[in-house]
Amino acid sequence: MTTRTKTRGQGTALGRAASRLFDSKWAGLAGLAVAALAPFLIATPYALSVMTSAAIFVMLASGLNIVVGFCGLLDLGYVAFFAVGAYTSGVLSTRFGLPLLMTVPAVIVVTVIAGIVIGAPTLRLRSDYLAIVTLGFGEIIRITANNLDVTGGPSGIYGIPGLSGSPVVFYYITVVIVSLAVIGASRLGRSRLGRAWRFVREDEDAAEAMGVHTYRVKLAAYIAGAVWGGLAGVLFAGQLSAISPGSFTFLQSALVLMAVVLGGMGSTPGVVVGAIVISLLPEVLRDFADYRFFAFGVLLIVVMLVRPQGLWPHRSREASS
Amino acid sequence: MSQLIWNGLFVGSFYALVALGYSMVYGIMKLLNFAHGDIYMLGAFTGFAILGAVGGISPGMALPVLLGVLVVTMAVTGLSGVLIERVAYRPLRNAPRLSLLITAVGASFALEYGMRAGAGADPQVYPLRLGGTAVEVLGARITLQQIALIIVAIVLMVGLNLLVTRTREGRAMRAIALDPRTSALMGISVNAVISRTFFLGSALAGAAGVMAGAYYGKIDFMMGFLIGLKAFTSAVIGGIGNIPGTMLGGLLLGLLESFGTYWLGGEWRDVFAFGVLILFLSVRPTGLLGERVTERV
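These protein sequences, in sequence, are chains A and B.
Under our numbering, the first residue of the first sequence carries the number 1, and numbering increases by one thereafter.
Under our numbering, the first residue of the second sequence carries the number 322, and numbering increases by one thereafter.
None of these hints come from the bench; they were simulated from the model.
Predicted model, so just to flag it, every value in this text is computed and none were measured.
There's no promise every hint is true.
To be verified - Listed below are several chain A residues computed to face chain B (Cβ distance under 10 Å; list not exhaustive):
(1) VAL68
(2) PHE96
(3) ILE116
(4) ILE143
As the list claims (entries may be wrong) - Stretches of chain A that chain B covers, calculated by requiring three or more beta carbons in the stretch to come under 8 Å of a beta carbon on chain B:
(5) 70-82
(6) 132-139
(7) 167-173
(8) 178-190
(9) 301-312
Heads up, the beta-carbon is just placed ideally off N, CA and C, and yes, glycines get one too.
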């Protein structure tokens, strides 16, 4: 990544001050405070549902960040794990009357299995194969949910119990869970495993030569991403109480990827901000609905050409110390 | 039985046409061009626009008109492919592979939703349908239009194969696929050859788009998404980067799908196709005719 090292040295004094501000641990706490105080400013049901969706989207983006940002594997069907989580929890809670939280262990087991089924054959190959196989996997899950009886076919599952009756309480529960997930992902990225992921991203052959079991490490990243996506799916099912195949299209996967790329692959604060921007933008730009996705596509290209490290890039601790 | 085989071969020839562009681009610069399926969609819409501008066509003239439209569309989509390569891929040729894949997704997204903003989200009905009389051959109903389309597809594929194996241009392409830097030292203009490869691949996809529009009669802005995936599957089955292999893979996928639909029902067709893809990637990732390549650092 030559671009990354090149840009680090440049920048004005103002830019350095801003980035020091962004790098401080207070940024995360400030973000959390904003999330906690937001319902006091505006608490219409519509605003709450938008904010809850944004929080769930942050969780999705931080999960995809493990796969794409930390490990450098392009997953174009990430929404499949979101769907697997939402459907597993939806089916268990409506068919067997389990409360939503009790479905979480089953969701984790099922998403891990899904991650292994897709990851095990494809992670041995070049990384581009993974991209297109995950794209296909996203479609398989959606079509399967559309065709099976147990998932309710095209009309989906409804009547999924929420975590609480009040949308405000649900919002706060979501914020807590999502914060834990974001912190967890970030800690994972700094662990021994996380360093191995970054090594694989930068140079897979060198990592292999240095004794990193690249296949196992990549599979771990893929499975971690799958679990994050599945848990976000549980929240999604709880929020809407109804899920249908129409919520899990390629468009969703592309939007999550957009959030990760825009914010800065591998950078936790960047990805959180990117996810909030991408999920709130449609609410602001309602009049431009037709051109929105077109603009997203162009933006993806422009970001990659002009600023491949994203708006809020990751700074590795090893290099800056 | 023979009907199933015929349907499979017919659909497979579409897959093969689209897959060739995928396979050529991958062979020469190891890039998965996600926008390739959307070039197919662009071709269908370009043909639609031209036919709309031409106006009423008598049924007897349908085939010659279609061939004319085919040629113009191939030029348009070919140039679009060149433009995409120039804007989105060339500046990143030395960047990490992930960046290139992401711009490819961006290009695909921009094409899909740009077309949606331009032409609307509703499916459009193609102004020209090839009405044909059916003939019975070995118990399969074959229409003359299918035969005409298959002939066009075969002519295009054979032409491409001759170009790659027999001409100077083709030799340059194969040289770049082996080693871009040495090719440049030997006096091959690498950028120009890559541009022309994109032109050829995109022109073939555009031709397939017009043919699909005229045959199925309905087009929409997402029509390239699924066929892009299927074309990739065909390329993997046959051996990506290998032109005869890709053609074989397209026909084979068409046949597999045709039989899969018959056994499992139409709603499982796409699941079956991707299942085949995952199976092939785990058992024989180099495809049927692909050679085992060792990755160089």
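> Taking each numbered hint in turn, which are not upheld by the structure, reported in ascending numerical order?
Replying inline: 2, 3, 7 and 8
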